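Place chain B on chain A using the hints.
Protein chains in written order, with the working numbering: chain A, 1 to 508; chain B, 1 to 480.
Wrong hints could be hidden among the right ones.
Stated by the list, open to error - Incomplete in silico selection of chain A near chain B, CB under 7 Å: (1) Pro81; (2) Leu158; (3) Ile162; (4) Val188.
Claimed, not checked - Looking from chain A toward chain B, a few residues come up when the C-beta cut is under 8 Å (computed): (5) Val73; (6) Ile76; (7) Trp78; (8) Leu79; (9) Leu151; (10) Pro155; (11) Glu169; (12) Ile187; (13) Leu191; (14) Val192; (15) Phe195.
Since the hints were derived computationally from the structure, they do not count as laboratory data. None of these values were measured; they are calculated from a predicted model. All residues carry an ideal CB built from backbone N, CA and C; glycine is no exception.
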Amino acid sequence: MGLLSLIVSIPFIALLVILSIPAKYSDRIKWIALIATFIDLCLSVLLVIGYLGKIGFSGALPSPGVALNLEYVEKIAWLEPLGIEYFMGVDGISVLMIFLTAVVIFCGVCASWNHAHRTKEFFAFLLLLVTGVFGVFAANDLFLFFLFYELSVLPMYLLIGIWGTGPKEYSAMKLTLMLMGGSALIIVGILVLYFQSGASTFSFSEIAQAGIPESTQYWLFPVMFIGFGTLGGLWPFHTWSPDGHSSAPTAVSMLHAGVLMKLGGYGCLKTIYLMPHGAMMWATFFMVLTTVNIFYGALVAIQKTDLKYITAYSSVSHCGLVLFGLCALNWTAFQGAMVQMFAHGLMTALFFALVGMIYKRTHTRLISEMSGLLKVMPFLGVSYMIGGLAGLGLPGLAGFIAEIQVFVGAFSDASISHRIMVILAAASVVTTAVYILRALTRMLYGPMQNPEHEKIKDATFVEKVPLALLVFLLALAGIFPGWMIRMIAYSLTPIFSNLEHASLLTQM
Amino acid sequence: MLENILTIGNELGLIILALTVLAIGFLRKHSAAGYLGWSVAVAGLALLSAWLFISPAIDKAAFGGVYQTGPAPVFFKQLFIWAALLITMLSYPGKQSSNVLPYRHISEYLGLMLFSVSGMCLLVSAQELVMLYVSLELITIPVIMLVAFNRNDPRSHEAGMKYVFFSALSSGLLLYGFSWVYGLTGSTLLPEIRDIIDSSPIAVTALVLIMAGVGFKLAAVPFHLWAPDTYEGAPVTITAFLSVASKAAGFVLFYKVVEGFFVDTAVTYITLTGVLATLTMTIGNLVAMHQRNMKRFLAYSSIAQAGYVMIGLSQPELLGKTAVMYYLLVYLFSNLAAFGIVTLVALRSGREDMRDYAGFSITNPKLALVMMLSMFSLAGIPPLAGFMGKFILFAAAAQAGLYWLVFAGTVNAIIALYYYLIVVKWMYIMKPENGKPRIGPITTPAPHAIVLAVTTLAILLVGILPIFLEWAKSCAAGGF
Chain A
1 MGLLSLIVSI PFIALLVILS IPAKYSDRIK WIALIATFID LCLSVLLVIG YLGKIGFSGA
61 LPSPGVALNL EYVEKIAWLE PLGIEYFMGV DGISVLMIFL TAVVIFCGVC ASWNHAHRTK
121 EFFAFLLLLV TGVFGVFAAN DLFLFFLFYE LSVLPMYLLI GIWGTGPKEY SAMKLTLMLM
181 GGSALIIVGI LVLYFQSGAS TFSFSEIAQA GIPESTQYWL FPVMFIGFGT LGGLWPFHTW
241 SPDGHSSAPT AVSMLHAGVL MKLGGYGCLK TIYLMPHGAM MWATFFMVLT TVNIFYGALV
301 AIQKTDLKYI TAYSSVSHCG LVLFGLCALN WTAFQGAMVQ MFAHGLMTAL FFALVGMIYK
361 RTHTRLISEM SGLLKVMPFL GVSYMIGGLA GLGLPGLAGF IAEIQVFVGA FSDASISHRI
421 MVILAAASVV TTAVYILRAL TRMLYGPMQN PEHEKIKDAT FVEKVPLALL VFLLALAGIF
481 PGWMIRMIAY SLTPIFSNLE HASLLTQM
Chain B
1 MLENILTIGN ELGLIILALT VLAIGFLRKH SAAGYLGWSV AVAGLALLSA WLFISPAIDK
61 AAFGGVYQTG PAPVFFKQLF IWAALLITML SYPGKQSSNV LPYRHISEYL GLMLFSVSGM
121 CLLVSAQELV MLYVSLELIT IPVIMLVAFN RNDPRSHEAG MKYVFFSALS SGLLLYGFSW
181 VYGLTGSTLL PEIRDIIDSS PIAVTALVLI MAGVGFKLAA VPFHLWAPDT YEGAPVTITA
241 FLSVASKAAG FVLFYKVVEG FFVDTAVTYI TLTGVLATLT MTIGNLVAMH QRNMKRFLAY
301 SSIAQAGYVM IGLSQPELLG KTAVMYYLLV YLFSNLAAFG IVTLVALRSG REDMRDYAGF
361 SITNPKLALV MMLSMFSLAG IPPLAGFMGK FILFAAAAQA GLYWLVFAGT VNAIIALYYY
421 LIVVKWMYIM KPENGKPRIG PITTPAPHAI VLAVTTLAIL LVGILPIFLE WAKSCAAGGF
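Pulled out of the complex, with its shape left as it was, chain A reads as follows (with noise of 0.2 Å):
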């Protein structure tokens, strides 16, 4: 078995173990979660460094042509009277989500340690989500991402519909069929390309290289973009993150915001590797829409007082960066909205990890209520600042590389009409700053209001790993991006090489 489909296929051992476990012995079932996502994230890390060993820490990038540059390839056939294969295998962005992916779910694990209600069934639901992600990132057939892709969106109705708070029930179903109305759009262009290119197999290289017929992908390409768009909070299909991840408990919603929505900014970024004449027919379309995402979310944050509906607002926001990134067809910005998928992977999933623990300790999300934390809670405050900082783009955390990347590529590119939205969408870093630093201030500084805070105790041993790890990749990767942004350029090349091609024979 190899190294790929070890990291995806222990999630789903370790449920299996938790499903032969009676339910009363909770704490077992918490250790064998929390090994088993250990494991995954040791994994992950061997597959960064292994990765990095293998095309070098600086060189040249590949030559330029249309197949993606996959390592640790595993190729069985499956189910052949369609072609479908089991094809692992990955690239750099896919190496970098993994590891995000790792290190997200065993952050939310930490963070999901005093779970008391129904546990073996949380665990165990938790664990079928990751398998679907890790699976995502891992699969390089059309047919097997798909499949990975529902088993990760599915698993959500029934976490948060159990385990939520507020109006749970209403929330998961708008979120499941939300989603479940995206994956619909996809499924009818996964079959659409697999049709339409003449390959015989469902192989994302294999169908690009193929090639879609022009006129095709002029109407697929925002079927394709808006069915993966919506799990990426592309407006205005975004309206199921707010209620869900505010409705979802913790770990959920670090799961989910961290990197669910990654797979949509993901899948958009297959869908311009395989379309490239629907990306850039279509491409200042999808920018005006992800400009108002990133405005939008970022005006609405400012509004509300419930901190989870700031932390969903303020993704639908950097979400929206990481689209806008995409849409700007260039290779920077590219750079830029992966490494925005990375820092907000992070970022989100600590917010949400600190918005679990706070209510925890007062009770309450809304920060009208909570004045001078810092003073009862050092830990806790302090994580939360450098999370708040990371988000409005501070240089030196991750969020910073990304936000320059990002802006400095779509400007780059001659038209009036993208620096136009490129101004309006650098001029949301402020809105951000006001509700983040508004946030801060008034949760963390000034007197303390409730009396009933003063016996607040700051962070437990548990719930300093995981935020201690989350800061702490934060900024590395504000400090040291060299590493993530070879391995991302290295797989752009494919991509570009597709897109470049596709312009060619637009001006002739």
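The following block gives chain B in isolation, referenced to the frame of chain A:
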């Protein structure tokens, strides 16, 4: 002669089995007779299934080409016998319930069902119009009695009456269509008709009449009106039988008399099937959303499911047939798992309302898990079997270039997901009123447990293991 008899050995075996089980029912008015009849039926069906499995599936004709078997017929016969076997096991007369109908007359009940199954097997092999029609009646008439089997229950009466009227009407339409076909071609043998028939307006009229007749059997919208009441009133196991086996027989009928005859008018019937499929899915789904009675809910869900399968009918190539046959296999297991739970719950607690299932996942975690898996499989969630089935159906339509049909199918899959999730919601999320679940812990008798285990395994594995799809494909290549 002997060779002819050996060729129809499967059907003969079924009829002998049916007569035996019926005869056991006359033995004595004692519950032991019920057990005996039940055991004989299970053993006989299992043997027949094994025999079908080992006997080579090659083309073989009997009685001057009136009867023909081959890979595709064997596939369907196996499907019918499995369905009958699983449903017989679900009809196990437990100790508490041996005085209730239908368990009090279990031998008669199973005997009638076996007759219907033998009719289905004959239908698959029929190559002649009269034989086709007779086997169709052999399917329908026992089922009418079965639907009205709970004779003390007015709902069962109503169900029976509705089924009589509608099946008579559909038989009439079908027969009328057949007579036009005969008038056009002067032959009753299917292969001859296939060669002679053209695309004249008369042929199109016959096509429409026959489509309507088949539509009734499939419970396709707008010929579905009998289905919900019949499904709700019939004994639960018969509802399962109707929605799985009887429906599969309807698809066989389609392949024999629509796809087989009207190759020249393919454009007409493909468009017609596509429209019917879309209507069936959409209406079935929209109405299913509001159902709170589990049987009625499953009735509408199975109407919608037939709509999905009809997507595959609109693609006459190999992939279309493969998709239909594979989906029927998948649907057999997914639906019987759901019916297994509903039967068990109705038998043990008398509850049929969806709201009664609140807290079901706490009192019966294993049963709830099976029910959830079957709901997700029916909804088409990967990696369960239902997803593979739907994917291949959609792929078949996409191969024919019917993207609008794929789109209609996927949109309907979302609507369907909504109501399947509602069942999951009642089982897993909703808290029972005043904290006491209405359905207590249920002890599962061994036959039920076996059915649930088998169907669950099938739901999990049929989609993942490639062998099932390859089996469907190789059988579909044989043709009818």
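| Earlier hints that do not hold, by number | 5, 6 and 10
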